[in-house]
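Enquirer: Listed below are the residues making up each chain.
Number of protein chains: 2
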Amino acid sequence: MKYVYFFGAGKAEGDGQMKEILGGKGAGLAEMTRIGLPVPAGFTISTECCDYYLQHKQTYPKSLAADVKKNLARLEKVTGKKLGDAKDPLLVSVRSGSARSMPGMMETILNLGLNSKSVEALARNSKNDRFAWDAYRRFVQMYSTVVIGLSKEELEEKLRAMKTRRGVKDDTQVPADGWRELVGEYKEHFKKKTGKEFPEDPEEQLWGAIGAVFGSWMAEKAVTYRRVERITGLLGTAVNVVQMVFGNLGETSGTGVCFTRDPSTGGKTFYGDFLINAQGEDVVAGIRTPMHLDEMAKHMPKVYPQLEKVRKLLEKHYRDMQDMEFTVEEGTLYMLQTRVGKRTPAATFQIAVDMANEGLITKEEAIDRIKEEDIDRLFFPIVDPSVPKGDLAKRKIASGINAVPGAAYGKAVFTAEEAEAMAAKGEKVILIRRETSPEDVGGMFVAQGIVTATGGKTSHAAVVARGWGKCCIVGCENLDVEYESKVAHANGKTIREGDWVTLDGNEGIVYEGQVKLISPELPKAFSTLMGWADKVRKIGVRTNADTPHDAVKAREMGAEGIGLTRTEHMFFKDFEFPEKSVERQLAIQEMIIAETQAARRKALDKLLPYQRRDFSGIFKAMDGFPVTIRLIDPPLHEFVPHDIEKQQELARKIGVDVEVVIRRVEQLHEANPMLGHRGCRLAITYPEILEMQVRAILEAAVECKKKGIKVIPEIMIPLAMDRKELKLLVDATNRVAQRVIQETKVKVEYLVGTMIEIPRAALLADEIAEVAEFFSFGTNDLTQMTMGLSRDDAGRFLPDYVDEKKAGIFANDPFQTLDEKGVGMLIRMGIEKGRKTRPKLKIGICGEHGGDAASVKFCHRVGMNYVSASPFRVPVARLAAAQAVIEEKAKKGKKK
Amino acid sequence: MKYVYFFGAGKAEGDGQMKEILGGKGAGLAEMTRIGLPVPAGFTISTECCDYYLQHKQTYPKSLAADVKKNLARLEKVTGKKLGDAKDPLLVSVRSGSARSMPGMMETILNLGLNSKSVEALARNSKNDRFAWDAYRRFVQMYSTVVIGLSKEELEEKLRAMKTRRGVKDDTQVPADGWRELVGEYKEHFKKKTGKEFPEDPEEQLWGAIGAVFGSWMAEKAVTYRRVERITGLLGTAVNVVQMVFGNLGETSGTGVCFTRDPSTGGKTFYGDFLINAQGEDVVAGIRTPMHLDEMAKHMPKVYPQLEKVRKLLEKHYRDMQDMEFTVEEGTLYMLQTRVGKRTPAATFQIAVDMANEGLITKEEAIDRIKEEDIDRLFFPIVDPSVPKGDLAKRKIASGINAVPGAAYGKAVFTAEEAEAMAAKGEKVILIRRETSPEDVGGMFVAQGIVTATGGKTSHAAVVARGWGKCCIVGCENLDVEYESKVAHANGKTIREGDWVTLDGNEGIVYEGQVKLISPELPKAFSTLMGWADKVRKIGVRTNADTPHDAVKAREMGAEGIGLTRTEHMFFKDFEFPEKSVERQLAIQEMIIAETQAARRKALDKLLPYQRRDFSGIFKAMDGFPVTIRLIDPPLHEFVPHDIEKQQELARKIGVDVEVVIRRVEQLHEANPMLGHRGCRLAITYPEILEMQVRAILEAAVECKKKGIKVIPEIMIPLAMDRKELKLLVDATNRVAQRVIQETKVKVEYLVGTMIEIPRAALLADEIAEVAEFFSFGTNDLTQMTMGLSRDDAGRFLPDYVDEKKAGIFANDPFQTLDEKGVGMLIRMGIEKGRKTRPKLKIGICGEHGGDAASVKFCHRVGMNYVSASPFRVPVARLAAAQAVIEEKAKKGKKK
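Sequences listed follow chains A and B, in order. So for the first sequence, the numbering used here puts the first residue at 1; every next one is plus one. So for the second sequence, the numbering used here puts the first residue at 1; every next one is plus one.
Keep in mind the hints are simulated off the structure, nothing from the lab. Some hints here could point you the wrong way.
Note: identical chains are not told apart, hence a pair may lie in one copy or across any two.
Unchecked claim - Below, in silico cross-link-like pairs of lysine to aspartate or glutamate (EDC-like), each with a Cα-Cα straight-line distance of 20 angstroms or less: (1) K152 to E181; (2) K821 to E832; (3) K127 to D623; (4) K833 to E820; (5) K602 to D480; (6) K724 to D813; (7) K298 to E329.
My request is simple: use the sequences and hints to build the entire structure.
Expert: This is the structure:
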């Protein structure tokens, strides 16, 4: 087993492809060496060795000692120096480096090889006492803290004390003697704390450093970082042992960090910082203010063009924007590291588009480089990064799940009614609820943002807010909301109605007061790249939209139709004439309370014109694109009031005894409403509801057709589980539709299809397809039932299932990213069986997963015709759909 | 298309196999004719003709008129008489007859062919004026009511008036003249009501009668009967036109109904009733008291031996007990009808066993003749059939779903506590609740019967009661239960606590007061036949039992192990020492309220000895048979009190602030508890619960082994959905088990398996089987999730789905009889995939379906190792398992 890889003098055993084994840094150094860049020589101990080390109680493979010895000898030969040598000592840095960047998470030791003898040699050879003793004290400090674990603060305290004694302020003012004195103090401290002398033997130093780097892989902060960033499947960190070069040998030396393009805007400018007479950590530490690269160009006119050359070479070689570290040692440039540079979402688009236009990458590669979150973050306001962290910490009230990104502030309100009332006065409000229900939709709509104490990323609040791209934080478990007194408590703070609060939906944090927000702008490159994606993708992208407003928004986002219009929100909210909402609510409630079919029909007749107008508006907005309208889905109890005052009010308004209302509400209560009397089951019991809705759809279509608007309504029956059940309802739908067509003498083409959201429907899709003209997978419910998970309740335990540190059963929350293994199996079966009966069956998805990149790719792979996502997720779906095609090609290419 | 089938003079066009087309009666007459019995001649118009009639707006096939004419001519030839003839008229009966017996549901017209001329001929020829005019008035009466639909009561009124006028009491005392007078009045009435003369033309009469019989198929009462009896797939009724023979021609004539064996006991005695000088309807009407057959033997010494001969011939021919109708016309025996006789459950067993012993049928046929409900009804008390119906009607309070058969009375109580308190004083109680929850189990256990206002056949109340074979009526929707005032209202009656009520669980009716009940005895033939079944069946039969008491009961019922022990009931009820129940409840509640793992462990430590004793008791009772113990399954909120008084009490007892209790209870509330934090998800969050339970199981096993009792514990982890999830828990289980084995140095063999009750688990059964040593399909939950049906809520709409008159989507309630198509598909997949990984994987079922005959047969067909049923359903499972083998053989036989 080869554990150590050498690089130096233009040759390298590893290369840039070997990230998994050499880590990003090691692979980069090997690759840079190979392509002829000036790179200090060294060797990399592989991540496989780290894995061995961690698996074997922190011991090394047997061969390692000999390998390190051999490579060290080779390094000494290449550099012409010897580790610990009293005449011309070799100094090395020992750095961690994993396959995926984990900035600041693991350890580095510089200037290793210095001891009481070699420091003198270094002083002699550099003719710089001060430099040598500064280097030595840096090494002793790092070794003491990183390898041995002594307190950094205590050492810093000694440094401060020494400077105070000497009356100097900056490190640069400390004379050689000061550093020498400090080294002595450090060593004394070391002995006091460890009972041992500070190691003189450079090999002992080296092994200590290697162990420290390996060990840092499992340090709490590193483990947490990987968990948060969802970094899994890595073996460990590599250790890079590299010849030290010094940027702090005077005015002809220096060190810098640079990006081949501007990481903020993506602009084609060479972007970076340079510090004269400094070591790398000085740049990172941010104590001295570095110069920009153009200043450096003036200061080092010979070196800068070399760096420019490297920049071009690297971009050409790596075909991506690079983030490089370099050092200039007495006028000689050394490249220390290169990696793909992090960038803002706007820069991501700009760089991808520019590079494709430059011919550096293909358009497909450009598409492939955009990530889901790059799009997410483009659209939403954010907390101004210039707001001091301390200020934020002081303002923090509660934290929860960042259900919908973005940021917003407004005055706190605790009821939907109050939200509407205050919004009507022009106030910005934040709606804070324990949880939300369809009754709250009006208030949610007018709010700047929504906070709930309960629920997960797919709770009612999250789903509705996501549809509107409205900042939303759910599951703030420490937030104690008291409706009666209209206050919320958390973190020792109290929010009263009317108090300003700010939501950071990116982080899931609620702040008190108004925190400064900024709104990013959509870069031009965004629409360029999305246009490219549209040309590549094969699967359609529709949107979930319940209002003309949403429909328009979704069209702007590139939606090619509506995959899901939920009609139930319309029962509560008149989006065009909000003042008419009350009439709608009353009509639906009257219908529910009614005890005879005749009374129900009477109430439904009142709703008909409203629904017709709703549909008409959506048809107009989609102007010829298909519109899928789902018939009423939620259980009726969601539409009736549950508190006695409102029940009394309702009874009075519809002219029945309050007991009738109470009894009916009680009757409607269900133990498990998710699996209860809802979806098409309502239409089996109350066919008149279906009849009203179908009539409204058809009449709206007729109205539009008469105005010359093209309309393609797709009537979708939810929650079907059986062919016979669906047939009854499809027949009823066609009866009403034909009646409207006969009455109006306007021919309307329409489809009648169903949602596949009950496992049984997927299992029996061949039969279902006999009567359904299209399928739309309702993956929210299909996930709930296939996995036996209530999405409203799963917050109690699902986090444990996803948390790697706890059970770690699932890689992702199955309500965010489709569970391909289980739920996906049913989807595959459903598609296969459905198309067996009806080969051209149109199949889509309208669950939340339609806006999740990984899930969209799955939908492409299994052969769906389209996905449907909430308006703000439409671009993600468009991109992912294109990436799916590209991935498929790549896979096929590999097979060949 | 042949629509008419002739029989007579020893020959018949049809035969006994043609029930579907000729109806039971027609096929019987044809068959009896063929085997040489004395049968009056006639012809049968087929059910296919009825189907045509109903499908074609009550018109007949074109060919029918000619066919009827031809067959009528043939009949006239065979009998030597002519319909409507003025000299020797042929009289016929016109009767309905469907493929399945629907007694009293459809229509009959006798003496057709009489008119003002032929009645005179009949009088002449029979030398019996009175007989002829009586026959004529019977015909006019039947024709008027059955064919024309005139009021029966009005005609009866005229009959009564005539008798009053003549000062006679019984019909037999009416002279010829009286009947003639009445015929006149009837005809006048007919004209007044219809505007037409009563038809003289016999062919018009005949067609009127045919139409009436066909039409009666869709009469409300017939449709209802078929729905209730689940009779589906029939074409309609046949019409039998048969030569009239008269039992009312004097002392040498008569009519009778008899069974070839005693339908009550199954005894081998010829059993029947005979009326001298009477027509068949007189026997059925029950106005005159008939003589028993042995009296008839004395009265008609020549005819009786012929009847005895017929009896033997019929049993030999039909190989089953027959129910026959016959008439003796002036000393000549005519067989009018034969069919398989209805019998009591006890007789069903007796006859099957006797016939097998007699060699008339095989043992397998004997097994195959027992139906699920024959067993059901064997075990339970019933309302004494001698209680007058009127008395019952007056006592009726409410009706609901007959969840568990049987009957019981007791004093009404409305809380489980009160039930326990009163039962402790030796009172019989009936527990009446809106719904039940695990907290009520103690009270349910001591009650004689249970009534709930809500819920369906698989609600908590129904499932628990069924397990104990305890009479239970659920879903009494009109029952208004007021807990506070301790009363229930329904049907204008009020039940107060302490009032006597009687439940008829067979019919689902609640009566006020104490209604007389009788307890059927288990016939010896039962155990004989069940023994035969056990030899035939291949699949094991276990039981669902939670207590030693249930386990003993189940062993008596023939269970070969326990397939499901639910441990949650044990948390509420100490079945051995009821007074200790409170301690258990407190411990589990303390565990739930605890805020740290340490506190939870402390509470669990208190539960450990109880659980150990529970398991030990069950192991003892099963004495070497395998015992499957399911770890805690229900969501924790089911274990905590929801009303403030009890919460305060709990807080006081466990020494925490009541706010802590309230908050915890609120936290535990779930929107959809079925899909929530329950099953093995509890063990993922709280591994200490699993650890306590596994320890209790293993320590109990050790205890038993030390006493020399063989123990095979099978530890079952509920609600698994993923291999990784299950592996975590299997590993934890094994760790604890091995620890106990090491501590005690007693080796215990045990298995660790899982329930397959989430669709995903079935879909991924191959992976699950890598870590599970057995599967038990939890088909209650699997049905809920696969079909998206909450069994607690489905009562709202599922009846519509099963109701043929409404949607009629499912043939059966899927919670009673497994949905083979959908849920069954997942089960097949689960078994196939599971055995692919682990070929000898032990697989069972422990849902309610394990006690349903059709579902047990499915389990056999898909290759399960065993089914598990509640104790009282064990015999049903044993029988069905045997029948499955027999059906399989028959199928294979057919294929060959």
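Enquirer: How would you classify K298 and E329 at a CA-CA limit of 20 angstroms: within, between, both, or neither?
Expert: within (17 angstroms within a copy, 135 angstroms between copies)
Enquirer: Between the shortest in-copy and the shortest cross-copy C-alpha distance, which are at most 20 angstroms for K127 and D623: within, between, both, or neither?
Expert: For K127 and D623, the Cα distance exceeds 20 angstroms both inside one copy (79 angstroms) and across copies (92 angstroms).
Enquirer: What label fits K602 with D480 when the C-alpha limit is 20 angstroms: within, between, both, or neither?
Expert: neither (43 angstroms within a copy, 29 angstroms between copies)
Enquirer: With identical chains, the pair K152 and E181 could be close in the same copy or across copies; at 20 angstroms between alpha carbons, which is it: within, between, both, or neither?
Expert: within (18 angstroms within a copy, 126 angstroms between copies)
Enquirer: Within, between, both or neither: how does the pair K821, E832 come out at a Cα-Cα threshold of 20 angstroms?
Expert: both (16 angstroms within a copy, 17 angstroms between copies)
Enquirer: Is it within a copy, between copies, both, or neither that the alpha carbon of K833 lies no farther than 20 angstroms from that of E820?
Expert: both (18 angstroms within a copy, 18 angstroms between copies)
Enquirer: For K724 and D813, with the copy left unspecified, which applies at a CA distance of at most 20 angstroms: within, between, both, or neither?
Expert: between (35 angstroms within a copy, 15 angstroms between copies)
Violation of the numbered hints given earlier is confined to hints 3, 5; the remaining hints are satisfied by the structure.
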